[in-house]
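A.B. asks: Here's the letter readout for the chains.
Number of protein chains: 2
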Amino acid sequence: MSSFLRTGKKIIAIGRNYVEHVKELNNTVPKEPFFFLKPTTSYLPSGGKIEIPRGVLAHHEVELGVIIGKSGKDINASQADSYIAGYALAIDMTARNMQEDVKKRGLPWTASKGFDTFTPIGSFIDRSAAPDSNKLKFWIKINGTIKQNGTPAEMVFPISKLIEHVSSIMTLEEGDLILTGTPSGVGPVSPGDEITAELSTESGVVLSSIQFTAIQRDSGYQFKPE
Amino acid sequence: MSSFLRTGKKIIAIGRNYVEHVKELNNTVPKEPFFFLKPTTSYLPSGGKIEIPRGVLAHHEVELGVIIGKSGKDINASQADSYIAGYALAIDMTARNMQEDVKKRGLPWTASKGFDTFTPIGSFIDRSAAPDSNKLKFWIKINGTIKQNGTPAEMVFPISKLIEHVSSIMTLEEGDLILTGTPSGVGPVSPGDEITAELSTESGVVLSSIQFTAIQRDSGYQFKPE
Ligand SMILES: [Mg+2]
Ligand SMILES: [Mg+2]
Ligand SMILES: [Mg+2]
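Sequence order for the protein chains is A and B. In terms of UniProt numbering, the first sequence has 187 at position 187, counting the first letter as 1, and numbering is strictly consecutive. In terms of UniProt numbering, the second sequence has 18 at position 18, counting the first letter as 1, and numbering is strictly consecutive.
The set of hints was computed from the structure by calculation and includes no laboratory data. Please note that a few of the clues may not be correct.
Same chains, same names: a pair is fine if it fits in one copy or spans any two.
Below, a list of computed lysine-lysine pairs in the PhoX-like style, where the Cα atoms sit at most 25 Å apart [said to hold, decoys possible]: (1) K73 x K9; (2) K70 x K9; (3) K23 x K104; (4) K135 x K161; (5) K73 x K224.
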């Protein structure tokens, strides 16, 4: 499944799955998981440039990604583990001002999450490298300063529940990515910023280390609030 | 591109693109196009069964689908035509009660549009069969009664503008489908209903004729409003 960037069809991103992050954006903890789709054209491998569209206030949301290994629907949480091929460290880049605008207006989140380069991501990590995903730890730094850190143990809905929920609505396929939500500390990414993030085991073994530079995008969409 | 059902990665669905439909749902005509993503796991070829999840009020939205023939970003409307491989007649099935609920709460539309079987669709129609897409006509019948009919000529934003807008946000790829919005007359689809739809040229040549049966889905997600 190291080919998921090229072959995967879906990116399923979970919202509000860490309590402290829910609070920082003045939202409420959901009673069941909810999610949105990001296009796979938003993938950006490590070393790449995050392009910030004109008029957009971009935010970082560092997240653990779960890569699906085989097709399934109506997967019971107790069986979910066997559908996990591995993991990837990712950033769910978000046009926060656009997202706040569409939330107010009851419109889809899609564009605010779906720009090209808005899913910076690391390499495939085989599940064997992380037998207990709850013990993983990850962080993100902007220009060398830690902004977010977390562990899947803090999730409102654990990975098994996320797989159960999503697959009760849409079939999961090999190469699909589930972004499992972001811990608190989200904040702006501006042109010129250096973004680094790391995923490691409990004992400190680094499983993924990614880095990106943010730049201004001069062509394409320009956000102008109404 | 007759393989788009199998190889395509994105379904981009445009909202509120026919004035009469905007009015019937008490919405306002958008100043620029907006869209959401549906997963390709929602495709259902003609002859299949539309599965209605428990607790869901499902609505039909018959739409002209545009199939992208080559990769492109920041496509100018004047060049958009060369990115169109062809067309397909489709139904953007919608869990209307779920959608109204998430709209009120500022949440993503994704689940309400993304259930398995929620994109019933016909075969690929090469663009050579429809040199002027504005002259196409389509309709949908539920149990033999016409519920919606329309022509792309009535769109708020024409296909060329939709391609320009979407590709200014996310790269379009070969096999992607753009659902171009639905005319007025949307309404319920219930278990047992027979759904038929047709796409034809101005002179009455039938380009696509599709039919589906709706059934109750007994497993999977159940919608329970809060
Ligand atoms: Mg959405
Ligand atoms: Mg996120
Ligand atoms: Mg629609």
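A.B. asks: Is the C-alpha distance from K73 to K224 at most 25 Å within one copy, between copies, in both cases, or in neither?
C.D. replies: For K73 and K224, only the inter-copy Cα distance (20 Å) is at most 25 Å; the intra-copy one is 40 Å.
A.B. asks: State whether the alpha carbon distance between K70 and K9 is at most 25 Å within one copy, between copies, both, or neither.
C.D. replies: For K70 and K9, the Cα distance is within 25 Å both inside one copy (13 Å) and across copies (17 Å).
A.B. asks: For K73 and K9, with the copy left unspecified, which applies at a CA distance of at most 25 Å: within, between, both, or neither?
C.D. replies: Answer is both; intra-copy 16 Å and inter-copy 19 Å each pass.
A.B. asks: With identical chains treated as interchangeable, where does the CA-CA distance between K23 and K104 reach 25 Å or less: within a copy, between copies, both, or neither?
C.D. replies: Intra 18 Å, inter 20 Å, cutoff 25 Å: intra and inter.
A.B. asks: Between K135 and K161, at a C-alpha cutoff of 25 Å, which is it: within one copy, between copies, both, or neither?
C.D. replies: within (17 Å within a copy, 48 Å between copies)
Consistency with the previously given hints is maintained throughout, with no hint failing.
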